[in-house]
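*Asks:* The primary structure of each chain is shown beneath.
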Amino acid sequence: MYDVVVVGGGVVGCAVARRFVLEGAKVALLEKGADILSGASKGNSAILHTGFDAPTGSLELACMQAGYAEYMDIRARLRLPVLETGAVVAAWNEEELAKLPGIVQTAHANGVTDVRQIAPDEVLAREPRLSPHVLGGVLVPHEHVIDPWSAPLAYALQALVNGGEVRRNTVVLSGHFANGMWRLETNTGTVECTTVINCAGLYGDILDQRLTGEENFAIKPRKGQFVVFDKAAARHLRTILLPVPTERTKGIVITPTAFGNLLVGPTAEEQDSRDHAAVDEETLRMLVDKAVELVPSLEGMGVTAVYAGVRPATERKEYRVRHETARNYIVLGGIRSTGLTAALGLARHAWKLYARMHERLTNPIWPQAPRLAEHCPRDWQTPGYGEIVCHCEMVTQREIEVTLTGPLPAQDYNGLKRRTRAGMGRCQGFYCNARVAEMTAGRFANPLAVGGTHG
Amino acid sequence: MVDVAIIGGGPAGIAAALTLKARGVRHVAILERESVLGGVPRHCGHPPFGLREFKRLLTGPSYARRLAAAAEAAGVKILLRHSVTALKPGGRLEVATPEGLVTLNARRVLLATGAREAPRSARLVGGDRPLGVLNTGALQAYVHLHGLVPFTSPVVVGTELVGLSALATCRSHGIHPVAVVEAGSRAVARWPLGLFPRLLRIPTYYNAGIDEIIGHGRVEAVRLRDGREIACDGVLLTGRFLPEASLARLSHLAVDGRSGGPEVDQYGRCSDDAYFAAGNLLRPIETAGWSFREGGAIADYVADDLAGGLPAAGDEITLVAGEGVKFVVPQRLSRVAPLRGKLQLRVERPISGQLRVSSEEAVLYKRRISTRPERRILVELGEMKPPGEAKRLLVEIVS
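Line by line, the protein sequences are chains A and B.
Here the first sequence is numbered in my numbering, starting from 1 and rising by one per residue.
Here the second sequence is numbered in my numbering, starting from 1001 and rising by one per residue.
Since the hints were made in silico from the structure, they are not lab data.
None of these values were measured; they are calculated from a predicted model.
It cannot be assumed that every hint is accurate.
[Stated by the list, open to error] Here are a few chain B residues that sit away from chain A, every Cβ distance over 12 Å (derived from the structure):
#, residue
1, Glu1034
2, Gly1127
3, Arg1129
4, Asn1135
5, Ala1138
6, His1144
7, Phe1151
8, Ile1175
9, Glu1212
10, Gly1227
11, Asp1233
12, Arg1258
13, Gly1308
14, Leu1381
15, Val1398
[Stated by the list, open to error] Reference excerpt, derived from the structure (chain B facing chain A, CB under 7 Å, subset only):
#, residue
16, Arg1033
17, Ala1086
18, His1176
19, Val1178
20, Trp1290
21, Thr1318
[What the hints assert, rightly or not] Coverage of chain B stretches by chain A, computed from C-beta distances (three or more under 8 Å per stretch; other residues unrestricted):
#, segment
22, 1010–1018
23, 1240–1249
From the three backbone atoms N, C-alpha and C, an ideal C-beta is built for every residue, glycine too.
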């Protein structure tokens, strides 16, 4: 019997589970995938947003700013990185240039008062490799980059080591609320609790329907493809380069990553499938061309990785947050690209909506996130690591072993990659894939090796 | 302080070490990031290796073991699990070891970090991203180093020599490729090797490419550009080698965007004259035997240089890859007479015409050529005399 069951182990669910555990609630986090972060949270642009361009007065803005502040407050204790890049919204034509003052105005209205318009020469002084065709920009000094996987992992770990439960491979099939209590039927058994928090992301509407029998909102999956350039590209751009947004999307971003690469994306492609995140060559080439157009020195730069994520957009732009007090049910739905920033803020918001009191943990344990950011100390810099398994990303044997045997161990290859970066470098496993197959033998339901050479 | 630090313990690096020791250079160290010496041949469980070096027909792993034993016997300092993390001006290396970080100073550094195949991402192959999409190098590590198989019925992409090597590896380990897919109109490998897939009765599709990889969790099928769908449980991406040049790229050294390797002169000397480079790092791709000889030849220049016998860097002629030419190695020529050594070229597409090296209006070298991508093309430097004022030589194929 739990106080709270959080459904969905994406960044929002992990942050919510953490918050409720810290507040003293008895919490279970249910995730249908083999690992946390296997839905929308596995593919995003990893930006910690100031909220400068969010709708003024919105819940989204409030959660982003609360989330940003809490991230900065807790990050040292969880050993989470921040790459202080700043961002420039660049205008490439007169129409875009005309929109810049409005962007500054919104930013100031949103309390992000250090945002200012800058002239083309100041843009180029900051980023000399940018195309000289830039007509001007808006500088957002505190828009930064984080590790999009270690952050939510650290939230889930903190929930776990302080008494929360994390159940993976667990799908909620139905739920019934009676006498102040939920009975959730799952593929791994019945779970009882007083409150359910729906953080099911791309499946948020389906879960909502299963629990309430109503159609309150509809997820409209929106795919985004990304291209990651080699580490040599990182010296070509130090600032997040944002486009002037259109009505529909924030557009294609070029940004440094915490891992020392340069990322371009996402596209915004409506599709029916919630979990089919395919890439296509034409779009990937378009992204490469776009990056070269804006940063011409990237011509010929090698590509390290390509990926796609699906974000849980809905038929409306705003977050779909709902609290049904009559049946102890909270929905945090329609959380799109700002979710990485807003998650901690959303978790506080959910706690406020919940409005019950538990005995707050006075001295919680602060687990340590993996050390994956390129600008921070890495594991290989500390002796005793055994061997380097992934040479491109300098991933050690020790890191992989901890990931396989520690709390919340990786249960599939993607989970291992997100926790260690093994296989995520320029050779994409040419050198380490077989060694990783050996190290993970017997641990994954979907193993790297399908058998041995002798039978 | 060592006299020469060699980064990479494959055929080129080991050959260089042996040559340097034979030339009487005292402190020669090989820094190898793996736990054993030998490099890529360690995974290639088939002949022919070692014909020139050891006068024997060897498999890759036994060739690699012999190389390692020779280096040890010659008194080369072998530093395993040493990962060089940064190249600094003048021959200072930052190195990660399991015992901690160290800085190593070398009078000369030889880069011999080899090459690897382009992964799926660099080829921009579309579709899902399931398990089972590998390069030949990874497959061979599965079967030869770890006794594992990553799939049982893959589609094999590419018909370079390494693709045929991949087919051989599959056949000897109970893996049954269901198709071979080649982008060109015929096999890249020379006749009769290109007939290999047909001899194995594996359907081969030319002028074809993978449009989409399909599969949740694992590969289930691929869809080709013509719409044909082939059921399979893996995709083996072969060939399309890239120099493993990331250390050089992230350093102060000049890198050639065309070859993908560091820029060198005819002595293998980089833009910082404390650094030299040899082997497949210079260009994709040559055989182990070629890399071995090249490592030895460049080590000879390194030994000359240590004894003050190499022309100073500085007064140089730049080589420019022109029409039809994918890359030229070396990229610079130290202005000496007579020139020695060879230019190595590759082409971008199947091409016939006159291969020409010229300075302004003067044609210094020409010959008829009909060739295809990945084929070795050599030009004897001794056959050309650049005019004294020449700043650049254009290498092109005029159809």
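*Asks:* Hint by hint, which ones does the structure fall short of?
*Replies:* Hints 1, 2, 3, 4, 5, 6, 7, 8, 9, 11, 12, 17, 18, 19, 20, 21 and 22 not satisfied by this model.
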